[in-house]
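Undergrad: Now for the letters of each chain:
2 protein chains.
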Amino acid sequence: MCAQLLPTQPYKGTRDFYPDEMRLRNWFFGKIRSVLETSAFEEYNGPMLESLELYAAKSGEEIATKQTYNFIDRGNRMLAIRPEMTPTVARMVAGKMNELSFPLRWFSIPNMYRYEATQRGRLREFWQLNVDIFGCDTYEADLEVIISAIQIMKSFGADESMFTVRINNRRFFNDVIAAIANTDTETTRLISKVIDRKNKVPRDAYEKDLFALGLSEDQIRRIDDLYCMSVTDATAICPESTGAQELRALFEALEKLNLSKYCLFDFGIIRGLDYYTGTVFEVFDNAPENNRAMFGGGRYDNLVGLFVKNAKVSGVGYGMGDVTLENFLVTHGLVPESFGSAVKVLVTKFDDVPFEHYLALANRLREAGVTASVYLGSKKFGKQIEHAVKGEYSHVLIMGGSELETGTVKIKDLNTREETTVAAAELEAFFGSNK
Amino acid sequence: MCAQLLPTQPYKGTRDFYPDEMRLRNWFFGKIRSVLETSAFEEYNGPMLESLELYAAKSGEEIATKQTYNFIDRGNRMLAIRPEMTPTVARMVAGKMNELSFPLRWFSIPNMYRYEATQRGRLREFWQLNVDIFGCDTYEADLEVIISAIQIMKSFGADESMFTVRINNRRFFNDVIAAIANTDTETTRLISKVIDRKNKVPRDAYEKDLFALGLSEDQIRRIDDLYCMSVTDATAICPESTGAQELRALFEALEKLNLSKYCLFDFGIIRGLDYYTGTVFEVFDNAPENNRAMFGGGRYDNLVGLFVKNAKVSGVGYGMGDVTLENFLVTHGLVPESFGSAVKVLVTKFDDVPFEHYLALANRLREAGVTASVYLGSKKFGKQIEHAVKGEYSHVLIMGGSELETGTVKIKDLNTREETTVAAAELEAFFGSNK
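Top line first, the protein sequences correspond to chains A and B. Residue 214 in our numbering is what sits at position 199 of the first sequence, and the numbering runs on without skipping anything. Residue 227 in our numbering is what sits at position 212 of the second sequence, and the numbering runs on without skipping anything.
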């Protein structure tokens, strides 16, 4: 009787998508689906819950334990709500290794959870586009994946003034560091961690960390130089490196395809995770107020080997979150004013005409492919018009007793305010339906 | 080095959607979206995690504690993975009570989890279409909701031989039981529970339960009679009942709209949950091997009152799971053989022609709206054709050194096996693009 009221806020870091927000999300993911399908990528999906060990094995301990929502089910299984899609897709590829026809061109748009402090662009629940090509070892797949990202951005009307794809290569990185500083593999790996943090720490601290790893002042200066070099000059330092050759081939192809205006060689792109092995890239928002990486990815070899003995299936791909994408589209004015269908008809009603007469009109329009509904309830005509305007209807139909007698309907265009009377039988024709 | 391999199976009761399965799901949910949008329903969505108390308040203890995945987060909040959508949508409606323009016509297709023994048609993770109208108290909203269910089924090519909408009314149920047995509200509620279980227990047990609630043999026989009655005869028992009037109005409108062939009055439709207050319905599969309720719903008054003091927003709606729908479509042969675009082009490649020439061809086709990709890798021509056939490509493009010199491309139709040579510049025109 006097139970306490429940709060209406969604859980911290999650969002309610009311129809307005949902239309926006459906619009941009719809465009992305269409671009990817035209490039012969195929959509897949997997479960929201996975075994926790899947993340420990691939993403490293931090993501697995600190950043996931994890719990034990009643069958004593350690589960996690997926914080990312890559382990799931690697598991799926492994599960049908012998049936699938490689190379695979796959994408997915799953919802996922990360346990983190919420801030602008970072929420606990988000949707993430994942695009991957599995089973092609050459730079050609890297190129296709990067092109798909450019095509997606272009499909929203974004141009080279708005975004830049910054590209590096982990193999090249390792080789060039070794060439400059004569380091072993492990030291090179530790240096990559320092360089990855470069923009987040003071210069002093950065240099101190590199000195500690045995680098000289001259070597640090030579690394600095790499940031300003063209891909040609940078790769000339270690021309025999496979990574250098991949980088050159990639940039040459981008040039010939007239896509190099969107792309930049950037020695500072590392991508923290250890599993990247070749091309790495990040797509930056060029807006001064938001100049940072929106999303990125790269080549990771053989995650499938976690599941299948002696399997060697390489992959290359990226993940793009809905929150950062939406910020980008809003910042650059790329969201259209309206997404709905141009024609949307509300059949208004009077209490003295049986309801099914109105519903029959709406059903006829629906069958002709015209979006239509009947006002539900018994509010006055003015309130019904108000409802139509708020609901972004383009037209209202009016059929009172007198129209019913003469077999006509009044159609009011809510934009022009024009009113037309048509024979009820001509209704579909009025809305230009050719069914 | 010798780490143990991870299993490739998904978590119990969940599914991996490989591209084939995903295409099927996208196909049927795409059709549903289109039907609902044409009827001016708007899509919404909400978070996967909700406060556990939301389910305890609405769905009753059993769903809240036994059937949900629930856990405590690091902020000591009791959370549940949503087992159903209605509490979320009631919370959302309550959250914007004063901004929304009622009546609302809303739908959503969320994924959700229930902790249960898995069996045919019942999994732990599933997707569920939810359709609801909020803010209209009359049978008119019930009718619109039922019609949307019929339209969805019809859009798949299902006809009246394949499914039946079985309809009852909880208000009528209460009134007719009171009229027959002169029971009070609580006894009527207990009788409804017995009748809800009728088909799951032996006749003896059913009668024993009703005797225990004070019913006589004659009263039980009169209840039995209701199962065979037309809606006209049944409602004549308590003509003054609001529920009886709603039922009559609903069936009369269905008759006039030529939809009564899909519908049947069925006194046995109760729907277990206590929160239903008026019209209730279930859509049955008529196939003899699968003759059971696929999905259902009804009118539930004032769930919004759990959140907002003195709020009175009634709702009517239903939920339809992807698993049962897919079973239905497969059983009745309503799944098309192929969903993809008719034209899908694989650009094959030779190692002596630079990759970007091939990619440029694919990009031109993509920009003309034709689905196209380049074979990635360096397998022999025969293997590339095999890949095209497995991937359901309709055409392959062939451009070797000699074609490159003469500015031509060979196009092979994989269905007719016909081969055509066209000028490279005529490529888009060949595929009938008018861009």
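Incorrect hints may appear among the rest.
Since the list gives no way to pick out one identical chain from another, each pair is judged satisfied if it fits inside one copy or across any two copies.
Below 30 Å or equal to it, Euclidean Cα-Cα: the simulated DSS-like pairs (lysine-lysine) are [unchecked claim]:
| no. | residue 1 | residue 2 |
| --- | --- | --- |
| 1 | K215 | K276 |
| 2 | K208 | K81 |
| 3 | K81 | K405 |
| 4 | K327 | K398 |
| 5 | K27 | K394 |
| 6 | K324 | K425 |
| 7 | K46 | K276 |
| 8 | K398 | K276 |
| 9 | K327 | K213 |
| 10 | K46 | K169 |
| 11 | K405 | K324 |
| 12 | K223 | K327 |
| 13 | K324 | K395 |
| 14 | K276 | K111 |
| 15 | K223 | K276 |
| 16 | K111 | K398 |
| 17 | K405 | K215 |
| 18 | K27 | K111 |
| 19 | K215 | K425 |
| 20 | K405 | K394 |
| 21 | K81 | K169 |
| 22 | K395 | K111 |
| 23 | K81 | K27 |
Worth flagging that the hints you see were computed from the coordinates, not collected in a lab.
Undergrad: It remains to establish, for every hint, whether it holds in the given structure.
TA: Do the hints match the structure? See the list:
1. K215 - K276: Close inside one copy (28 Å), not across copies (69 Å); limit 30 Å.
2. K208 - K81: within (20 Å within a copy, 46 Å between copies)
3. K81 - K405: Neither, since 45 Å and 42 Å both go past 30 Å.
4. K327 - K398: Only across copies: K327 and K398 sit 19 Å apart there, 66 Å inside one copy, limit 30 Å.
5. K27 - K394: neither (38 Å within a copy, 51 Å between copies)
6. K324 - K425: Answer is neither: 72 Å inside a copy and 41 Å across each miss the 30 Å cutoff.
7. K46 - K276: within (23 Å within a copy, 40 Å between copies)
8. K398 - K276: neither (54 Å within a copy, 35 Å between copies)
9. K327 - K213: neither (33 Å within a copy, 58 Å between copies)
10. K46 - K169: Classified as both; 11 Å inside a copy, 28 Å across copies.
11. K405 - K324: between (60 Å within a copy, 26 Å between copies)
12. K223 - K327: Classified as neither; 39 Å inside a copy, 66 Å across copies.
13. K324 - K395: The answer is between: 27 Å across copies meets 30 Å, while 72 Å in one copy does not.
14. K276 - K111: neither (39 Å within a copy, 45 Å between copies)
15. K223 - K276: neither (36 Å within a copy, 81 Å between copies)
16. K111 - K398: between (58 Å within a copy, 19 Å between copies)
17. K405 - K215: neither (47 Å within a copy, 48 Å between copies)
18. K27 - K111: between (38 Å within a copy, 18 Å between copies)
19. K215 - K425: neither (66 Å within a copy, 54 Å between copies)
20. K405 - K394: within (15 Å within a copy, 58 Å between copies)
21. K81 - K169: neither (36 Å within a copy, 49 Å between copies)
22. K395 - K111: For K395 and K111, the Cα distance is within 30 Å only across copies (23 Å; inside one copy 61 Å).
23. K81 - K27: both (17 Å within a copy, 24 Å between copies)
In summary, the numbered hints that this structure violates are 3, 5, 6, 8, 9, 12, 14, 15, 17, 19 and 21.
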